Every structure is written in structure tokens, then in C-alpha cells.
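Protein chains in written order, with the working numbering: chain A, 1 to 380; chain B, 1 to 380.
Derived from the structure by calculation, the hints contain no laboratory data.
What you are looking at is a predicted structure, and each value in this text was computed from that prediction instead of being measured.
Glycine included, every Cβ here is placed at the ideal spot set by N, Cα and C.
Careful, some of the hints might be misleading.
Chain A regions said to be covered by chain B (calculated; three or more residues, Cβ under 8 Å) [stated by the list, open to error]:
| id | region |
| --- | --- |
| 1 | 8 to 21 |
| 2 | 211 to 225 |
| 3 | 357 to 370 |
Which residues of chain A face chain B? A few of them, derived with a C-beta cut under 10 Å, are [claimed, not checked]:
| id | residue |
| --- | --- |
| 4 | N3 |
| 5 | G39 |
| 6 | S204 |
| 7 | M207 |
| 8 | A236 |
2 protein chains.
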Amino acid sequence: MKNFIFQNPTKLVFGKGQIARLSELIPDDVNLMITYGGGSVTKNGVHEQVKAALKGRKFIEFWGIEANPQVETLRRAISLGKIENINYLLAVGGGSVLDGTKLIAAGIASDMDAWNIVLKGYSENNIPFGTVLTVPATGSEMNQGSVITRKETQEKYGWMGTYPQFSILDPEVTYTLSEHQIACGLADAYTHVLEQYLTTPGQSRLMDRWAEGVLLSVMEIAPKIKENPRDYNLMADYMLAATLALNDFIRMGVTQDWATHQIGHELTALHGTTHGHSLAIVMPGTLRVLKQQKHDKLLQYGERVFSITEGSEQERVDKAIEMTEEFYRSLGLTTRLSEENIGNETIEIITKRFNERGVAFGENQNVTGNVAREILKSCV
Amino acid sequence: MKNFIFQNPTKLVFGKGQIARLSELIPDDVNLMITYGGGSVTKNGVHEQVKAALKGRKFIEFWGIEANPQVETLRRAISLGKIENINYLLAVGGGSVLDGTKLIAAGIASDMDAWNIVLKGYSENNIPFGTVLTVPATGSEMNQGSVITRKETQEKYGWMGTYPQFSILDPEVTYTLSEHQIACGLADAYTHVLEQYLTTPGQSRLMDRWAEGVLLSVMEIAPKIKENPRDYNLMADYMLAATLALNDFIRMGVTQDWATHQIGHELTALHGTTHGHSLAIVMPGTLRVLKQQKHDKLLQYGERVFSITEGSEQERVDKAIEMTEEFYRSLGLTTRLSEENIGNETIEIITKRFNERGVAFGENQNVTGNVAREILKSCV
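Go ahead and model the full structure; you've got the sequences and the hints to work with.
Written out as C-alpha cells, the structure reads:
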């Protein structure tokens, strides 16, 4: 096991009716700005619940953080926040609103341009914020991560902001999500686990078991949610799984990969592919191309998650990869670039971008532009 | 899933050589008291490491917190702390030193007598503290719990203190533990999980999987540790397992039991039985007596942890309980009262104590004095 430091300060406030606790969670004496996406919270009742919980409190609202939040939008929120002396934020929405709010929290506390904060990769100074999560998927409600898009250059990069002080997770708010949103959320959670799990074997028995535990849970609930997306316990498991998939709990003392995410971000930046969907396309390709490197862990994954015990090692590895792709498809997602009308041109742009930046991703930092090309070609 | 609030602020600093980080973890401007047990840290080099890490810093030391820490000892530490204006503690030792230090942290911040704090059950005011853990077992390094003994009345009760600000876990410090200490530590961790897992089924797939993940890991490492107690990765898994077994991570949204602990505490209070060992004796009895109530979960436990898939449901339940007892025995622990020369008199004292206090423990609060008698009689 590698040395590690773990500390996750976020208070998780989970369950029915918990939005009503907002007024006790947000300090009394702050200048509050609430951030939202495009307006779905006005339709599903969440906006009403938030306003009711904060009745009598003063706050301003910032609307319009889009899916794959754009720095151009967030700069406006930062300017507004500075003018209004905002010193506390509440993000109400899905992963994009939360990710965007992390940059607003950093931008208000800084003189740097917001995009430069993203390029720097982290921010020491941030005003505090809490969240009301409406779309289980990214884990942003309980981690430091944030991914921001710059529209004018079609770039999308991850960086590290700060942890929310609290996050309210009421599974009932998921009842109005579309099938596609849920599919992407489940794919996102599942892939987050694979990024932290399909690496060098034997680093930690416990982290392996916990990763497999999230995978098995997501696999078990996915078909049931299709049948009954208003079953409270199912949606609670889904919501908790998405949080636990990416809140540092399953990565103690182990290496991580994230090459699939880096390639997926490019698909989203260039084609607007929903994040979770981009991962469903890329992950099977990553596994096909890196299957020798990931051989032992793929065997373990196949056995423990898919109960694959027959055949030669190579057959079992291939079967595990096939079943991974099948799982994504079972959610209702396509897993091939051609199904999304993404062709060779995009593959070449991504290859060129990686090569020009001189980057190499993955656990062993060997996913260069050329390897990314190979991965994407295997996803055609 | 039940509503829940989760927040665990402890910073876990895990790995080789991490004790050297003490000076960056403890604020510069505090009046520090370091607390220890009986002196094993002077033999295994931990005391030297702590002193080296804090070279140039001023601090006082309090020695002699015993196994099953006694309020009588802790009152002396509290008095000393008050006289010396101590406002930060560092606990260096096993679960007893850490539990005792939680009471010192509360006592220094309070005018109440220390035993009254224990009887009250919690403490709002505590001075901050960090820990250097030397015996993986109780999870005290990352939770609020503390169990204190009052020697004069042979009473032992749990109460809730505060989380350590940080805990340093260096698996190398476990190399000098005795076989019995390791056996008790593994039994303790295993039982902590069972207390949070063998309850009403179907509350959370994820929490079930994570609980099973810790159980499977502990079962897997236990025989290997016997063979090689200086294997770093094994001891790292052991150390992390003990922490994750009782740091709130596997109890989100689920009910808990803890009847076995309540009965075990009595055995320790009356006979000095090591905590983990007392659990190894009582837990199989609890399961035998409550096997109807825990039927469905015992079936799941048997299948997923012991791979029991043959026989009638009743046979599988019985087999799961048998294998639990066998696991404790495989650690090198006895599991019967008669093996420890504990007889009927003790059973009657415990029954009387529970009845006089009017308490009833367990998930369904039905473990009264008379049920405790039944459990203990099944452990003879």
C-alpha cells in the first residue's frame, strides 16, 4: 500500500425532506449567492423547497450554469459575487452546477482570471459553499474535483477546488430525472470506480473490495431503476453509490488511472457528448488497448464482479471487457463513436491535441496521443 | 435507507515514516500534553520517533493510561492538564490511550467530573487532539467513541467524545505487537463490522457490500499475518481495516446492533477480559440466541462471506454462526466462558446489572438482562 493522506470534511445530509435543513446548515451572517443550472429545479419543486427553507434570509441568485459549465458563464458569476460581496455560495443542481460553483468559489477569493485558475490546476483560496444535489453522477458533492469548459477554444480540463462544507442529498429529487440522465449518472459512477480500481493489483485488499462493492451495487440497481425509477430505496442506493464512487473513500493508498476521463473530456469538448456517455464509449476501448497492462486486475474484476471463472486467462480478460461494454449498453447508452456520428477527424484532432500538449495519461503515464488514437480507433 | 448525517473530519496520515510529520500536524502555538500507556512505546521506538519529530517543541507527558482506561487515572491527567493550561493533546498508543485521551480532552474543557461526562454520554466541549496509533483494533483513531472503566465499581461504559483532528497510522509500528494483541485487534475489527451489518436486511446494498468487504479482507489476512506479522502490506491492510471497520463509513443509513459490545464490556469490567476477546466469546452467542431475528441477514452473510450455499436455510444460518465462532478460534482466541473460568455467578451479575439499570440493547432494543443471560448461557 502506498502512503496516503485522507481527509474529507464534507457533511453529507442524506434523505427525505433534508432540504428543509438549509437554514441550519448555512451560517446566519453570510452574504449568500445561490447558483443554478438552466431551470429544471423550478419544475421539480427543488427551487421552491430551497426558497421555503431559506424564508426570511437574504440571498441573490445566479441562473444559467450550463451542462459542462463554461468559464465564460462562470466569469459573470464571479463578477457578480465580487460586486455583491458574496462570501458563501449554495449550489443547487447537478454535477455541472457544483463544478461551476467550485470555480466561482475560487474566483471570488482570487484576483486571477478564472481560466488561469483552471490551468493552474488548484486553488488555495476559496469562499465556502454548500450544495443541494439534484443529479447523482459526478461525486462533485463530496470531492474537490471540478471540470470546466472553455467554449471559445473547445477545451475542457479538470482542476482541484475545495470540498463543499455540506451537501444535501434527497433521493426524492431524482424522481424527475430522464432515463438518459440516470443512464449517464450510473455510467459515470461505474466508470469512476473503474478508474480507481483497474490498476496495479494487490495494492489494498480493502480498497479492491470496496470498489467491487460499488460496482456490484450499481450493476444490481441499474435494471431495477429502469423498471421503477421512483423506488425510494433504489434511488437512495443510486445516489449514495455515485457519491461513494468518487469521494476519496476507495482510493486510499492505491494508484489511479483516469486516462478514459481525459479522452472522454475531449469528446465532450468537441461534440457535447454527455460526460457519463463519453466514458461509456471510451472505457471499453481503454481496456481493450491496455489489456495486457491491466491483465491481472481484469481477471479479478471479471471473477468478482461478473462471476467469470471459465476459460483461459486471456478469454476471461476479454470476456470482462465485453461485459463492461454490455453493461453500459444495458443502461441504454451507445458505446461506439460511429453510433454518435463521430469519425476519424475527431480522433485525429484528439491525437494532435495530446501530442501538442506533450501529455501522457493513465496509471503508468503511457497514454500518449498515439495511444489515445488507438483507443478511439477501437471504439469506432 | 434511513435518513442520515455523515461527517468525519479526521485527517488520516497513513504509511511508513509518517510519525515524522507530527510537527506540521500539531499547531505551533499550543500547550501540548502527550499521553501514553504503560511504556511499550519506549520499547518499540515510537516514543523516540515522537520525540524526534517534536524536537525543539515544548510539551509535557502523561504516562500510565492502562488497558481499559480508568476514570481514576484520567482524572489525574485532567487535573494536570488544567494546571498546565494544556489546550492540545497527542495520544500515542492503542485504543485505550486514545479512548482515555478523549475523556481528558473533554474533562479539561469542562467543570464536570469526568465520570459524569461518561454517564451523560457525550461532550460538546473538548480541547483538540491528534493521535499516533500503535494497536489497530478499536477504530478510536477515526471516530468519536470512547469506553471508560470505573475501577471502584467495576463499571465500563461507552460515551461519545470528539474526533481526533488527525491520526498517524504507520503499519511498521505493529511489528512488535504480540500474537494475542493482533488476534484481539482482528476480532475487534471483525465484530465492529458485524454489529453494523447483521441487522435488518435490505437497508443499503452499498453498506452491505462494504461491510462484507471488510469482513472478507480481515478473514483473508488473518492466517497470513500469523505466518508473517512483519509483512508491510498485510499489516497495512490490517491497520486500515480496523479503522474502516468503525469510522462511520459502513453505517450510513442503516440500523446498528451493539448488544454484543454491551455484554462484552461487562465481561471486561468484571474479569479484565481483553475487549476484542470478550467480543469473540459473546458474538457467537448473540447470533445463536437472535438467529430468528437475524435470519435473513445471516443467510446473506453466510453466502457472501463464507460461501455457504448448500443446505436448508436453517442449516445455512447455523453454519454461518458456527463459522463465525471458528473464525475467532482460528485467530487463537477462546470463545467459551468456561475456557476463561467464567461461570454462572458472572452471568447472574450481568443479568442483574442489566435488569437493575432497566436497559435493553440491540437493534430492536430487546436484549434485556434476561436475553443477555440466555446469550451468555449459550457461551458456556
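Against the structure, the hints come out as follows:
1. Figure legend: the region 8 to 21 of chain A, annotated as covered by chain B; annotation consistent (11 residues with Cβ-Cβ distances under 8 Å, at least 3 required).
2. Beta-carbon proximity to chain B at under 8 Å applies to 7 residues in the region 211 to 225 of chain A; the threshold of 3 is reached and the given coverage holds.
3. Evaluation of the coverage hint for the region 357 to 370 of chain A: breached, as 0 residues show C-beta separations to chain B shorter than 8 Å, against a requirement of three.
4. For N3/A, the suggested interface contact is upheld, since its CB lies about 3 Å from the closest CB of chain B, less than 10 Å.
5. Because the smallest distance between the Cβ of G39/A and any Cβ of chain B comes to about 28 Å, over 10 Å, the interface hint for this residue is violated.
6. At its closest, the beta carbon of S204/A sits 6 Å from a beta carbon of chain B; the interface hint therefore holds under the 10 Å criterion.
7. With 10 Å as the threshold, the beta carbon of M207/A comes within range of chain B, its nearest partner Cβ sitting at about 8 Å, so the hint holds.
8. The interface hint given for A236/A is met, as the beta carbon of that residue sits about 4 Å from the closest beta carbon of chain B, less than 10 Å.
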